[in-house]
Structures are given as C-alpha cells and as structure tokens.
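For the record, the sequence lines run as chains A, B and C.
Quick note on our numbering: the first sequence kicks off at 240 and runs consecutively.
Quick note on our numbering: the second sequence kicks off at 982 and runs consecutively.
Quick note on our numbering: the third sequence kicks off at 168 and runs consecutively.
Derived from the structure by calculation, the hints contain no laboratory data.
We put the beta carbon where it would ideally sit given N, CA and C, even for glycine.
Don't take each hint at face value.
As the list claims (entries may be wrong) - What follows is a list of derived Cβ distance ranges for each label pair:
{"hint": "1", "chain 1": "C", "residue 1": "Arg210", "chain 2": "A", "residue 2": "Thr283", "range": "55 to 63 Å"}
{"hint": "2", "chain 1": "A", "residue 1": "Lys357", "chain 2": "B", "residue 2": "Glu1302", "range": "56 to 64 Å"}
{"hint": "3", "chain 1": "B", "residue 1": "Arg1076", "chain 2": "A", "residue 2": "Asp350", "range": "55 to 63 Å"}
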Amino acid sequence: MTYYKLPVSGLDALFARVAEQQTLYIPTDKDGHAVFAAYEAGMTLSKKLNTDRSAKDFFFPQTENLYDIKMKGKQLTVEDTREECADFTVFGVKGCDARSFAILDKVFLADPVDTYYKNRREHGTIVSLACNRPEETCFCRAFGIDAGDPEGDATAWRIGDEMYFAARTEKGEAFLAFVKDLLTETDGTMVESLKKAVAYIMDQLPLGNTSFEGMKQTDLMTHFQNEKWAGLSESCLGCGTCTFVCPTCQCYDIREFDTGKGVKKFRCWDSCMYSDFTLMAHGNSRNSQLERFRQRFMHKLVYFPNNNGGEFGCVGCGRCLAKCPIQTNIVKVEKALEVRSDD
Amino acid sequence: MQDRMIARAKELLADGTVNRVMGWQKGEFTYDITPAVFHTAEELDRDFVCNDFAAANVSKYLVKESRKEGRILAFLKPCDSYSFAQLMKEHRVLRENVYIIGIPSWGKTDFEKIKARGLSGIKNIKDNGADYFVETVYGDEVTVPKYEVMLDRCKDCKSKKIVVYDELLEEPNGDVIENHRFDEVARLEAMTPDERFAFWRNELSRCIRCNACRNVCPACTCEKCVFDNRDSGVENKAAADSFEENMFHIIRAFHVAGRCTDCGECSRVCPQHIPLHLLNRKFIKDMNELYGDYQAGADPDTRPPMTDFRFDDCEPSVVYERGGAK
Amino acid sequence: MQVEKKPFKPLIVAFCCNWCSYAGADLAGTNRLNYPADVKIIRVPCSCRVNPLFILRAFQRGADGVIICGCHPGDCHYTTGNYYARRRMTLLFSMLDYLGIEKGRTRVEWVSAAEGQKFAETMNSFVETICSLGENKRLEDLRCKTE
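In isolation and in its complexed conformation, chain A is listed as follows (with noise of 0.2 Å):
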C-alpha cells in the first residue's frame, strides 16, 4: 500500500477540492453534536468519535421517493423521479459504519437488486477515517474490525498534526488522485503504530474484547425458544431508537402518499420494534414486544449468520448502547442469551 500524507491544516484545501467537483460530506459538529454534512467553506471536522446517526443514509435515506404517480381527469401516468446517480464523496466514516455498507451489501445487492441502493453505492466514494480514541461502548473488535485500519474506499488516518491517507480500491486510488498534488508520498510506519496503538486502548476497553461467537455454540430453535426473551424484552418501550441509529438495519416499509393530486410512492425505514410491522391482511404476525425484541436480535445474531457465512448483522458501532432510551442493547443480550464453553 502507498501512503500520503497532508498536514491537518490541509485538509481545508483538500475539502474544498473536492466539494467543488462532486458533493464532499464530512461528519461536523451541529448543536453539540455531531452529524455528516455537506461541505461548506468554513466548516470543521467533528472531534467526537463518531456521528449521531450512523452513515447508512447515503446509501439507504431515511426516505426516498421511489415514483410518483400523477392523475389527471382519468389520465394516470407514473413518472420517474430518481436522483440517486449523482456522484459524492464521504469523509470520516469509522470503521464500524465502514463495515455496515458490506452487511447492507449482502442484502441489497443479492438478488433482486435494489436499484437505488446499487446507484448510490456506485456512485459513492467512502474515505474512512480511523478511530484514534474509541469509548468504552464500542465492541467492534468482536466482529474482526480494526478501529485503526477501518474499510473504505480510502482510508485517513490523524496522526498528531498529519494526516494520512492510502487507497485500497480503484475509486479510492481516483480520490487520492484528485487530490494528489496536496498529498506527499510517505511510508506507513507511523500508520502502523496507530494501529498498534488503537488495538492496545481495545484491550483496555470494558467491552473491547467482547465476543459473540457464543451465539453459535446452539442452534436457531434453542436460541428461539429461550425463557429469557420474556425478561428482556420486559422493559422495552418499542420504541424504533436502535433500530434507527443502527447502521446495519435494513427492514423498511413502502408506502402511498395521497397528494390529493396523485400517489407518491415512498419507502421508508421500518422498525421490527413497531406494532404494525411486517403488518399483512390477516394481521400482525409479532403481537407482543416479545415477538418483536426477539426478532431484533435474533435477526442480527442468528438469522442473518445463518444465512451469510456466519458474519454478523452488527458491527458494533455502541449507538444502541448510547441511545437506548432504557438502556437494554445487543451486548446486554448476547451476554444473556450465549452458551459459554464452560457451561
């Protein structure tokens, strides 16, 4: 891998370069907190370790307007109203939500695939930005992801006042490119030891070593059937936080939008948390907070393993564990529901 470097003072020059061109998002800090926004002259990089919500909107929006049906008289004519093709570039992805975009992959990118999902991808250029202070919620380590050496196109690490970067695929290579003459040429010493670095403060870390691998010592049944669901999923509120701030849930909802005019049709994110959830004619197959936590989990942990060579619908970005109005999560349940060797 070849690696550049920019001093931080820089990277203004090095935004603007690329905003100018294409649409540059960068995660800054808004109200106190930090969120991906499009780059504007001024704007500063966010000095928290990670945004709010996570970054699976560039590629799956909250909503989107999928056509538009217009009526006139008894004229009815469908119109296409996509904009997902042009391009953009994203700055400072951690390595959690880097790996969200693999998982969410697996599911819109398998067949059928989703179009808009697919345009978008394309059309996005991810340069990941490694963590250099992760907090005592992260357990990204838990699914083979390194803090110091996240996914992407590209990847930036902030070492004192530098910045480096290396690309590891053809769109990240263009994205340093572009930018190139504000780059020099170095090696990957310093880089190397971040990582070292970083992995030391993951075993320092409360859940930095936390596995999951428990999950698999039984099977989908057992896992099913286990009393503990009702314990757990007591003091749920239903509420869609983590399903919202999660960067690997993927369920959504198409729907109608009556204009008065015509019919918007739309998709949106779902939550399994919801009452009227994968909500069909003859009802709701998950009446309870039971069913409906269960499948949360048993979607992440179980499920989605089974069907994806063993990989985890989770990345272990902490956002539940921050978020969770009552403070029950992933880590909470796997804790709960893991069969120890020991046992």
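Position chains B and C against the provided structure of chain A, taking the given hints into account.
Frame of chain A, contents of chains B and C only:
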C-alpha cells in the same frame, strides 16, 4: 439508600405483601441502568441498583404490571409519583395492585453531560456524594460536580413531594419547590415569530420519528396511537418532510395537554436531543395563565383544564393580542 | 419570456357547525350577500368536533387559512360543546404561534343561524387577512403542492 431499598423489598417479598418488585437493573457500566421487575431476594441482591443514573420513570410500566397477578412493589421518585397519580386519575393503573414506596430524588445525572466534557473511554465512575470521580482508559482522572451534570429536567425540578405512596423510605415528605421551569418558554415567547420558527425548524428537523418520546411518556398510554393507526390518515413511519415533523410533535403535545405532569422523560430519551419538554411546558404555561394554576397528577380530584370550561373563558383571539400584531 | 406572476388566490377552509354557522352561510347565500369563493365550507356537527388534526391536515392539503365557526357561547346545540372547542382552539393557536406560524392564519368566530350578514363579513375579513399574509409557507407540505 439502595441497601435500605433492597432490605425493605426483601421484607415485603417475604411477608407476601408483594410478589415482585419494580426497580432498576445493573448494566455493563455504572450508568446504563434498565428498569426491571425482580421476583426473588437473590435477584434483588444480584442486580438491583438505584443510583443517580436510575433516571427512568417506571410509572408507565405499572399500567401493565398492575394488571398482572399479585401485587407489585414500586419505588417511585417524586416525578414518577405525579405520573402515577395522573394515571390513577385516568383509571389506567389499578392502585390496589401496587405497593408504593416513595423515594427521594435529589436530581438524576445526565450521562451525556459527563461525556460532553471530553471524557471518553470511561472505565469507572465513583460516586463521592456531591461529585463523581471519573477514570478513563486514556488516563484522565476527573472530579465532576454532580450539580453540573444533572439532567436539565432535574435542574428545573418542580417538586420533591411524593404525591401517592403507601410508605416513604425517608420521612418527611418533600415539598413543592420554587422553580424556573417556564423561563425557557418565556424566552422563546419573547422572540419574534421568525426567530421562533427558525428555532423550532432547527430542532424538529432532527426528528427521526423513532417514537421514543411517545413510547416513554407516562401520559401516552393509548392502546393504539393515532399515529400507528392506518385508518387515521396521518399514520406514518418516517418524518418524510417538515410538515410531518411539525404535525407529529404538535399533536403529541396537544394530546397530553392537561395530563402531562412535566416529568421530562421525552427530552431525556430523545436520541436527537430535541427539547420536547418545551412544547409540553408551553401548554402547561398557557393553561396556568388562562385557566388558573393546575398541576397534573398533584391531586386526584381537580378537573383537568382540557375537560373543563368556564362561561367566561377567554376567546381564542386572546392569542392575537399576546405580543405582536394580528 | 416573461413569466407572469399569478395573483395570489388563497384557499380557506371553514369548519362550520351544522346548527348555526352552516345555516348562517346558507342565509348569507339566500340573502345574496357576497363572500369570496375561496372559502371552502366543511360541515361539522359541532365546533367541538374539530380536532386539532383537522386544522393541521387542512394546512397540509394546501389551505392558507382555517376558520372555525360555531354557535355563540351558551347557544350550543349540545349545551357545552363550543366551550370545550374554545379552550382547545385557544391552546392550539397559541402553540402554532409558539412554533412561529403566523397567528392570523387560524381564527374562531361565533356565528348563529340568523347571522348571514356576520358570516359574509367574517369571511370577507378573514380572506383579507390571509391575502395580506400570503401563501402558507410555514405549515405547508410540499408533496401536496407539486403539480
């Protein structure tokens, strides 16, 4: 206090007064505490916790819990007790199935405020009474005064009084206290409409429609919410545009007007930090000013202003006269 | 080509109580009193039938102003309905104002079945107010506005 609570809970379990206990369960860290129901003395010893991070209002759980078999013991903070009393007034909880122990609360802690001090990778938080001693994996060792990281709702606390209880953990009962909870509403009212519009657009545009505010609210106990009802015409799973954001929050605040006890849970749980309590407080302030002081949940008898009227009530045009031109 | 700006034609929704204002509107009609055709009347059984959602939904569907007309206090067909409506609308209007939405866009008027003249005058003055405020921008739903 926690030890006394556990001891008393065990006594009540042992003598058969109650068959389970509503409380808070330990988490992975000092601060991630989950409301939970305990059935045995062993469970209480192992997992029961009540510290300054146990902020969740447990009254709403009692709507369901009080309909289960046997009596449940609930520890209610002053604000929880207002919520409970309001639920009693609405016949949503079965009072006879709940044994209430009132516990004092001197303000709960907002964990995010500790983090906002740039502390990350927190290893340990030690409670030293008036302050916390926080240690992080990055070697920070910081003393944080509790008052500075108190939840906003607790800084504006309206009452330390427990309004409904079977016994009190600590005598005497607290009092309704002087507070400044309407100051922020008044500040917004003093702004121009354009400023207010910009303020609320900025706040409400962050809404992700997760419904946490609604689901945690002890006043929102409808079996089926209008926003979940496919036949209502307003049901929606996502805040698709600015209108939807406004509509959801206006209507939600309106539906709890006169019933909201101002417990502040909505703002506490909002993952997007929208100051939702300012909507509810606006209604409370208006009702106080126009129809006389009223505190939801304070007593079982007074008629709530929204189900009451006077022949000489002000006309809606009073709104035009208050500040600015028609 | 110069685009000619169309003069603003407001859309007004009037919720009228079946027992008074709706008959008042009728009377205004039979007396050949003029009031703008921009007013669309929706008949409700009582002013207190008007749910705050109705008002918001009217704005969503393109209304620029919403007026609720009911019986004079004390004259409610159901004895007390309009007293409750009065409190609800006061609070709702106050909340809309709090959110920065022009307060002139919503109004409550008590118009009896005998007051055809008052009905026409009320509507004329309300339309005038809305015309001066212009199009409803702050509580609009763009999805309903596209052609």
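- Violated hints - listed by number, lowest first: Violated: none.
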